[in-house]
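These protein sequences, in sequence, are chains A and B. First residue of the first sequence: 1, per the numbering used here; consecutive thereafter. First residue of the second sequence: 1, per the numbering used here; consecutive thereafter.
Just so you know, these hints were derived from the structure itself, not from any lab. Glycine residues also receive a C-beta, built at the ideal position from the N, C-alpha and C atoms. Please note that a few of the clues may not be correct.
[Claimed, not checked] The following residues of chain B were derived to be distant from chain A, with all beta-carbon distances above 12 Å: (1) Arg41; (2) Ala133; (3) Ala160; (4) Asp322; (5) Val407.
[Stated by the list, open to error] Here are a few chain A residues that face chain B, going by a calculated C-beta distance under 10 Å: (6) Asp10; (7) Gly11; (8) Pro139; (9) Arg148; (10) Phe229.
[Claimed, not checked] Computed beta-carbon distance windows for the label pairs: (11) Asp335/B to Gly11/A: 30 to 40 Å; (12) Pro532/B to Gly11/A: 29 to 39 Å; (13) Ala375/B to Gly11/A: 19 to 29 Å.
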Amino acid sequence: MRVLALIASDGNRLPRGDRAAAALALAVGEGSATALHLPDDLEAAVYARAAGLATAPWAGRLAAFDALLAGPGAVDRLGDVAVGGLAEEACGSLAFDVLSATRSTDGWLVEADAGRGARVEIAVTGPLVAVLSNDAPRPPYVSHWRRRAARIHDRGRSDAAVPHGDGAAAWGPIVARPPRQASETATAESRTNAAFGIAESPSLDSAVVTGTAAECARILLRYLIDQGFVASAATMEATAESTAADTNPLAARSAAAPAAARAVGASPGELTAAQARAPRTSGDTPSRRGRRPRPLVPASAERQ
Amino acid sequence: MFGDEGVTREIMGNVPGWLAAAFYATALAALGWAAWLFWRRLALHRSGRQSCAPPDRRPQWTSLWGYLALHCQLRRDPWAGWAHLLAFYGLVILFIGTCLVFLEHDTPLHFYYGRFYQIASLVIDLGGVAMLAGLAMFACRRTLPIAGAERIYRHWHVVALLALLGAIGVTGFFVEAARIAVDMPEFEKFSAVGYSGAGLLRALGVAGQQAAAWHRVAWGLHAGLCVAFFALLPWKFFAHMALAPVSLVLRRRRPVAALAAVEPPPESGPGVVRWSNFSPLDLLQSDACTTCGRCNAVCPASAAGRPLRPRDVVLSIRDAIDRNGAGPSRFVADDVLWSCTTCGACNHACPVGIDVYDKIVDLRRGRVETGAAPAAAEDAFESIAAEFNPYGRANADRLAWAQGLDVPVAAPGEPIELLYWIGCSGAFSPEGQAVARAMIKILNRLGVDYRVLGAAERCTGDPARRMGEEGLFRQCAARNMATLREHRVQRLLTHCPHCFNAVANEYGDLRESDSAIAGDDAPRDPRPGWSPPAVIHHTEFLAAEVAAGRLGAAGLADQTLTIHDPCYLGRGNGRIAAPRSVASAGPTASRTFATPRPARQARQWWRPPARSARPCWTERGKRAPATVRRG
Chain A
1 MRVLALIASD GNRLPRGDRA AAALALAVGE GSATALHLPD DLEAAVYARA
51 AGLATAPWAG RLAAFDALLA GPGAVDRLGD VAVGGLAEEA CGSLAFDVLS
101 ATRSTDGWLV EADAGRGARV EIAVTGPLVA VLSNDAPRPP YVSHWRRRAA
151 RIHDRGRSDA AVPHGDGAAA WGPIVARPPR QASETATAES RTNAAFGIAE
201 SPSLDSAVVT GTAAECARIL LRYLIDQGFV ASAATMEATA ESTAADTNPL
251 AARSAAAPAA ARAVGASPGE LTAAQARAPR TSGDTPSRRG RRPRPLVPAS
301 AERQ
Chain B
1 MFGDEGVTRE IMGNVPGWLA AAFYATALAA LGWAAWLFWR RLALHRSGRQ
51 SCAPPDRRPQ WTSLWGYLAL HCQLRRDPWA GWAHLLAFYG LVILFIGTCL
101 VFLEHDTPLH FYYGRFYQIA SLVIDLGGVA MLAGLAMFAC RRTLPIAGAE
151 RIYRHWHVVA LLALLGAIGV TGFFVEAARI AVDMPEFEKF SAVGYSGAGL
201 LRALGVAGQQ AAAWHRVAWG LHAGLCVAFF ALLPWKFFAH MALAPVSLVL
251 RRRRPVAALA AVEPPPESGP GVVRWSNFSP LDLLQSDACT TCGRCNAVCP
301 ASAAGRPLRP RDVVLSIRDA IDRNGAGPSR FVADDVLWSC TTCGACNHAC
351 PVGIDVYDKI VDLRRGRVET GAAPAAAEDA FESIAAEFNP YGRANADRLA
401 WAQGLDVPVA APGEPIELLY WIGCSGAFSP EGQAVARAMI KILNRLGVDY
451 RVLGAAERCT GDPARRMGEE GLFRQCAARN MATLREHRVQ RLLTHCPHCF
501 NAVANEYGDL RESDSAIAGD DAPRDPRPGW SPPAVIHHTE FLAAEVAAGR
551 LGAAGLADQT LTIHDPCYLG RGNGRIAAPR SVASAGPTAS RTFATPRPAR
601 QARQWWRPPA RSARPCWTER GKRAPATVRR G
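Working from the sequences, and respecting the hints, build out all of it.
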């Protein structure tokens, strides 16, 4: 398993989320995790090595991975779209405000902070890109003696870059880095949407997609087709249905979902990969329903 | 030479040859067994981690004299001290008397007769009485509500030692009484107890052959008990008789507050995760514990209801050695470990020189190195590392308290003759700020040429070290030393006892490697040939100014004062006279001191928790005057 941690300091110290990302990578990586740090960020590199991780400078290119655990400090410096791009590139799933992630039989089980004390559990298949929350459980402390030893050990030693796979593509942020305050205040969902360019985000002026519900549905479908969840033949049908739907983008999304299911040949009762990542439904067990986030679609819209 | 040779006794005359041979054989076997067990135990001690730091263990023979011969430290608790003194000297006299008997019996020497015999008999009898009296006092202490009884270690092997020694003493007297009762010679009156016992036996009708038979049985019993005593010498509580003096002689020659230098081997980090990470001296000290409980009695954390009992920490280490587990173990619970205030009262109180709080800090280092630091400690570490103070405040605000005052801040690289080191609490804590403001006013009024560092001042690392973050302490210390070196500071004045202790006692242990990795922003030393500054506590500075007549203390008149000796100044570094000297300055007619204490006896002062209605007490058990206020 290839697990990466992307961490960065704020100049003096590593934010707690970055430390949690390193610790989580160490825990789930079974001893083979690698920490990526910005080339000029010696503090992050030393911390990662002291914590027991292999390190490599961030070069904007990544080989295939099973999980990339990013710290909020790194995301602040690179921008939300950076992790969004990484997820898209790896055909993986992106989650913000992650509190923990554990391996499941067919992927990952991610616990994320849904705000206001609520937590959401997300089942993920395929590669995972998770941005750790600063409210993640406190990681084991890495002493300054260990950091001192790592610093002494590093003298005269240069980091080897992470070996890139054949399919790795050059990647870089395509929009300006969002202000730090915005990423701290925005919800995980709005940040995810903003990273993929499928929703409005006042903090991402250069990446804002302004449009009608139909346009939003088209962008969503384009993403779904790109990810292989929706066959291209279904595009027109889904677009037509979504155009006829209410101008509310949420309603448009709910209308497009059955069409998407039909497009991949699944019956409405079967769970597609895209649906598997959706919030829990009313058919779930009470315990799972209890952890579901606040409903995104108004009850009236669902009935429609 | 000593008079009539008939004034003596036949040694082992009534003892069958087989019994004497059996005694010699079993006694030798028991002593060999004890020696082997001691050797094995010392081998375990030697398997402790050797420090790379230069040793500071010149034997302290004077401590041994004060401890063993005079019982100075033990007699701080009068009842227990006198009980131990009587038992100890009684046992020593009996041992010497027994040696004399064997010299007479088993060597060509011939001296045990006449006047010498009578005097020796009297002294040996008195020694036996002293030992039994001491043991009786110990027994009373265990059963009656005597001061200090609450800290007794109630374990059966402690009682076993008392019982065994008591049985040896009683059977010894019985052997003597039965021997005298055979024919009741007049010169045996010098054996006062034995002669009285013989008279009692005679009164009970035991005499002649019957007394001889009783003598043989009692002798066998007495010899068996002595053999058992030899064999049990290395066992638990018994071992303190041999190891406590060794511990005292080898104790570290440092002030109580100063932690020992830590220089683990390159392949391992600081701190203790398993018992073998302790140093050989630490392991020996854990076996030397007498379980007297004085450390428990003086521990402020224990008094405040926290779960820490310093004696239990030491005994836990002993148990870990007994189990000899190879893997990491939590032989001391986390909440116990983090309850310690590092006041050093346990070290100060220990009569055999055990450095208890050094061991606690070592265990904390182990926790920190394995990532198990408590959240509060971790936050403090991060604040010290990032903001250079444990309060988490911006270091640029270090002089915010000095608004309106004329405070001379040193320019970069400016040589400083007298540096006033404010400290983090002086800069950020309201109480500390009041002291700093007052000191600035005094210094300005005296016209002293001094400087402060302002934002260039950083935490000394003392709190980090006490919480087990040795690496962060070294980082702080190296940076501060570089700053002091950059300014070529000659004297460092501080009102913070912790800063005082760290710079005066612990910065000297730093090595070149620490300076090298202090950080990229650490100032480099441009001018070699500088020696670390003399560190002065502000009370010493003020006392000197008062003594020179440049400073008065008229404002202290008509006041009741309470002197609270800071742990790290009074007990930790023995600086007790200066605060009293300053407080005594000026007109003293109407001034009273609530807690006047002689030198070297500064102790902490606390109000018992959850019983606020009770008055304050000093540690020595004296009720404080009603006018007392907390210092």
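Do the hints match the structure? See the list:
Every C-beta of chain A lies more than 12 Å from that of Arg41/B, the closest at about 31 Å, which supports listing it as non-interface. Annotated as non-interface, Ala133/B keeps its C-beta farther than 12 Å from every C-beta of chain A; the closest such distance is 54 Å. Every Cβ of chain A is farther than 12 Å from the Cβ of Ala160/B; the closest lies at roughly 44 Å, confirming the non-interface assignment. At roughly 30 Å from the closest C-beta of chain A, the C-beta of Asp322/B stays outside 12 Å, upholding its exclusion from the interface.
Under the 12 Å C-beta cut-off, the non-interface status given to Val407/B relative to chain A holds; the minimum distance is some 27 Å. Annotation: interface hint on Asp10/A holds; nearest CB of chain B at approximately 9 Å, less than 10 Å. This hint holds: Gly11/A has a C-beta 9 Å from the nearest C-beta of chain B, less than the 10 Å allowed. Checking Pro139/A against chain B: minimum C-beta separation of about 8 Å stays under 10 Å; hint holds.
A cut of 10 Å between beta carbons decides the hint on Arg148/A: the least distance to chain B is about 5 Å, and the hint holds. Against a cut-off of 10 Å between C-beta atoms, the interface hint on Phe229/A is violated, since the closest Cβ of chain B lies about 41 Å away. Judged by the Cβ atoms, the range 30 to 40 Å given for Asp335/B and Gly11/A holds: they are separated by roughly 35 Å. At about 31 Å, the beta-carbon gap between Pro532/B and Gly11/A stays in the expected band of 29 to 39 Å.
Taking the beta carbon of each, Ala375/B and Gly11/A are about 23 Å apart, inside 19 to 29 Å as hinted.
In summary, the one numbered hint that this structure violates is 10.
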